[in-house]
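**Student:** Sequence:
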Amino acid sequence: MIKEHVILLDAQGSPSGTLEKYAAHTASTPLHLAFSSWLFNTQGQLLVTRRALSKKAWPGVWTNSVCGHPQEGESFEQAIFRRCRFELGVDVASPVLVYPAFRYCETDPSGIMENEVCPVYAAQVISDIQPNPDEVMDCQWIALEEMFHALAVTPWAFSPWMVQQASSADARDALQRYIYTA
Numbered sequence: 001m002i003k004e005h006v007i008l009l010d011a012q013g014s015p016s017g018t019l020e021k022y023a024a025h026t027a028s029t030p031l032h033l034a035f036s037s038w039l040f041n042t043q044g045q046l047l048v049t050r051r052a053l054s055k056k057a058w059p060g061v062w063t064n065s066v067c068g069h070p071q072e073g074e075s076f077e078q079a080i081f082r083r084c085r086f087e088l089g090v091d092v093a094s095p096v097l098v099y100p101a102f103r104y105c106e107t108d109p110s111g112i113m114e115n116e117v118c119p120v121y122a123a124q125v126i127s128d129i130q131p132n133p134d135e136v137m138d139c140q141w142i143a144l145e146e147m148f149h150a151l152a153v154t155p156w157a158f159s160p161w162m163v164q165q166a167s168s169a170d171a172r173d174a175l176q177r178y179i180y181t182a
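In the UniProt record's numbering, the protein residues as written are 1 to 182.
Please note: incorrect hints may appear among the correct ones.
[Stated by the list, open to error] Cut-off 20 angstroms, straight-line C-alpha distance, at most; resulting in silico cross-link-like pairs (EDC-like, lysine to aspartate or glutamate):
#1 K55 with D138
#2 K55 with D108
#3 K21 with E106
#4 K56 with D108
#5 K3 with D134
#6 K55 with E135
#7 K3 with E74
#8 K56 with E74
#9 K21 with D91
#10 K56 with E135
#11 K56 with D10
No wet-lab data here; the hints were simulated from the structure.
Quantities reported herein were computed from a predicted structural model and do not represent experimental measurements.
Full structure from sequences and hints, please.
**Tutor:** Written out as structure tokens, the structure is:
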């Protein structure tokens with residue numbers, strides 16, 4: 001895969017440059033653009049993934065289906081398609097924006113900071129899953145309500161961005177609406 005970059009953002013959220021993805025993620029990661037995707041099957045179950053141990057930030061942590069960074073000249077939808085294929089070997093139907101204003105800043109136990117403006121999308125899986133072991137060490141389908149419960153009672157077991165996304169009543173409602181209309 002071609003080396004990825006992140007699109008840096010200024011204090012107002014406007015693009016201000018780019019930086020190679022791994023160079024950007026340090027103990028003082030600059031604000032940059034990202035996305036999260038929650039993927040569902042035809043039964044309305046959510047795919048949760050466990051990040052590979054080789055990941056620089058949050059290795060081994062359970063999280064939402066796919067995350068990534070749009071590249072210059074690439075729409076969020078194009079980035080989602082690209083990352084779904086790369087991380088999970090899967091195709092998805094047209095992504096739907098469910099939490100446009102999500103932003104977070106968290107530091108993992110090794111000291112790597114995430115600092116992202118990170119719109120959240122939902123999409124439906126339309127092909128078989130073939131996880132890339134460099135990205136995903138495990139994955140599991142789960143009912144959305146069960147996932148919300150697990151996030152509420154054991155937030156320490158999941159990525160902080162997933163916990164924060166699910167703590168928004170508007171995002172939970174949008175995800176529930178998505179599975180009933182997809």
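**Student:** Take the hints in turn and mark each one as holding or not.
**Tutor:** So, going through the hints one by one against the coordinates:
Restraint check: the Cα-Cα separation between K55 and D138 comes to about 13 angstroms, which is no more than 20 angstroms; the hinted pair holds. For a cut-off of 20 angstroms, the pair hint linking K55 to D108 stands: about 12 angstroms separates their Cα positions. As the CA atoms of K21 and E106 are separated by approximately 17 angstroms, the hinted pair is consistent with the 20 angstroms bound. For the suggested pair K56 and D108, the alpha carbons sit about 10 angstroms apart, so the restraint of at most 20 angstroms is met.
Distance restraint check for K3 and D134: the Cα-Cα separation of roughly 15 angstroms lies within the 20 angstroms cut-off, and the hinted pair is therefore satisfied. Distance restraint check for K55 and E135: the Cα-Cα separation of roughly 7 angstroms lies within the 20 angstroms cut-off, and the hinted pair is therefore satisfied. The straight-line distance between the Cα atoms of K3 and E74 is roughly 15 angstroms, inside the 20 angstroms bound, and the hint therefore holds. Distance check on the hinted pair: K56 and E74 sit about 24 angstroms apart at the alpha-carbon level, beyond 20 angstroms; violated.
Taking the CA atoms of K21 and D91, the gap is near 24 angstroms; set against the 20 angstroms cutoff, the hint is violated. Simply put, K56 and E135 have alpha-carbon atoms about 10 angstroms apart, close enough for the 20 angstroms limit, and the pair holds. Among the hinted pairs, K56 with D10 is inconsistent with the structure: their alpha-carbon atoms are about 24 angstroms apart, more than 20 angstroms.
When the structure is compared with the earlier hints, violations turn up for hints 8, 9 and 11 and for no others.
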